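Participant: Modelling step: build the complete structure from the supplied sequences, incorporating the hints.
Position in the sequence shown counted from 1, then plus 16, gives you my numbering.
Please keep in mind that the hints were generated in silico from the structure rather than gathered at the bench.
Keep in mind that this is a model prediction, so the values were computed, not measured.
Where a beta carbon is used, it is the ideal one built from N, C-alpha and C, also for glycine.
Incorrect hints may have been included.
As the list claims (entries may be wrong) - For each label pair, taking beta carbons as the anchor points, the in silico distance ranges come out as:
1. S183 - H214: 36 to 44 Å
2. I232 - Y38: 26 to 34 Å
3. L176 - Y215: 39 to 47 Å
4. P90 - R247: 28 to 36 Å
5. Q244 - I224: 25 to 33 Å
6. Q244 - I184: 43 to 51 Å
7. P90 - P189: 33 to 41 Å
8. I79 - L229: 19 to 27 Å
9. Y295 - Q37: 20 to 28 Å
10. R161 - L83: 28 to 36 Å
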Amino acid sequence: MRSLFPIAAILLGSIFDVAHQYSGAIRFLLMLMLFAAFIELRFDRLYNSFYNHVFFIVAANFILSFLWYLLLAPFDIMSAQIAFLTAISPTATAAPAMVGFWRGNVEYTTISVILTNSAVALAIPFLSVTLFQVEESVSSLEILRSVFILIAIPLVLSQLWNQINRSIQWSVPWKALSFWAWIVLLFLASAKTSHFIHYDTEVDFRSIVKIALFVILICTTNFSIGKQLGRSGFPRETSQSLGHKNTMFTVWFSLSFLSPDLALGPMLYVVVQNIYNAYQLSQIDRLSID
Numbered sequence: 017m018r019s020l021f022p023i024a025a026i027l028l029g030s031i032f033d034v035a036h037q038y039s040g041a042i043r044f045l046l047m048l049m050l051f052a053a054f055i056e057l058r059f060d061r062l063y064n065s066f067y068n069h070v071f072f073i074v075a076a077n078f079i080l081s082f083l084w085y086l087l088l089a090p091f092d093i094m095s096a097q098i099a100f101l102t103a104i105s106p107t108a109t110a111a112p113a114m115v116g117f118w119r120g121n122v123e124y125t126t127i128s129v130i131l132t133n134s135a136v137a138l139a140i141p142f143l144s145v146t147l148f149q150v151e152e153s154v155s156s157l158e159i160l161r162s163v164f165i166l167i168a169i170p171l172v173l174s175q176l177w178n179q180i181n182r183s184i185q186w187s188v189p190w191k192a193l194s195f196w197a198w199i200v201l202l203f204l205a206s207a208k209t210s211h212f213i214h215y216d217t218e219v220d221f222r223s224i225v226k227i228a229l230f231v232i233l234i235c236t237t238n239f240s241i242g243k244q245l246g247r248s249g250f251p252r253e254t255s256q257s258l259g260h261k262n263t264m265f266t267v268w269f270s271l272s273f274l275s276p277d278l279a280l281g282p283m284l285y286v287v288v289q290n291i292y293n294a295y296q297l298s299q300i301d302r303l304s305i306d
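Facilitator: Shown next, in the form of structure tokens:
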């Protein structure tokens with residue numbers, strides 16, 4: 017049932033686009049999600065269970081995004097940019113939870129979350145200057161500073177909280193808070209994108225359908241190649257690490273520094289990946305019943 021909430025949030029946001037005026041909260045909601053993910057972070061435990069194989073996920077994330085761009089750029093530069101932003105999105109903070117449902121290797125997926133989010137956050141400010149038309153007043157260092165703040169504040173605060181909470185022992189449902197923050201974030205991002213499409217752009221229905229088809233192809237490719245990368249022992253972990261993406265990062269980046277048009281791909285990817293994960297969860301539920 018929970019797997020339907022993200023899709024419902026996107027649909028409601030597209031209908032009630034008046035909510036776009038509250039889109040400034042997207043940044044803070046994303047920071048809350050990262051904070052909740054970093055709460056579980058134990059550097060000593062991750063160091064002891066580090067898998068070099070995860071670097072293949074990081075490499076595949078960049079290689080595939082560039083391949084999509086090079087493949088589409090000669091025909092349609094906007095489609096190429098959307099495909100690049102969609103494909104380069106890092107591993108979702110919810111991916112370890114999905115792997116946990118299968119009793120898989122959660123540490124492996126957690127390392128993927130940290131490495132891919134860090135690598136993309138560091139690289140995309142510089143790549144955007146080359147691949148996208150960024151306003152002249154915005155430099156790559158300014159973008160990097162903004163992205164660094166987005167990642168660093170939740171990381172530092174989460175570790176401070178862990179230190180303080182050792183003596184207080186407060187039980188806070190961070191995972192539940194993160195989930196609902198994500199739902200609100202999806203609603204606001206969808207409203208912002210919908211408002212832009214209706215009033216500030218000439219993107220037609222045919223173009224949206226074309227983008228949706230590209231997104232389905234990208235999503236299928238990511239989950240499939242991810243599974244092949246881990247066929248030696250971590251097929252589900254690598255499939256989730258490469259296929260289940262934190263597209264809210266690239267949505268925020270598009271809305272903040274590029275164009276809301278470019279957020280269409282990452283937004284549609286959320287729908288596609290959640291349909292896939294909903295199917296995966298239904299299979300788990302069916303097996304549990306059987």
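Participant: Against this structure, judge whether each hint is valid.
Facilitator: Now the hints, each set against the structure:
1. S183 - H214: 36 to 44 Å: violated, 52 Å
2. I232 - Y38: 26 to 34 Å: Given a distance of about 30 Å, which is inside 26 to 34 Å, the answer is holds.
3. L176 - Y215: 39 to 47 Å: Given a distance of about 42 Å, which is inside 39 to 47 Å, the answer is holds.
4. P90 - R247: 28 to 36 Å: holds, 33 Å
5. Q244 - I224: 25 to 33 Å: holds, 31 Å
6. Q244 - I184: 43 to 51 Å: Hint holds: Cβ distance 46 Å, inside 43 to 51 Å.
7. P90 - P189: 33 to 41 Å: violated, 49 Å
8. I79 - L229: 19 to 27 Å: At 22 Å between Cβs, range holds.
9. Y295 - Q37: 20 to 28 Å: violated, 35 Å
10. R161 - L83: 28 to 36 Å: holds, 30 Å
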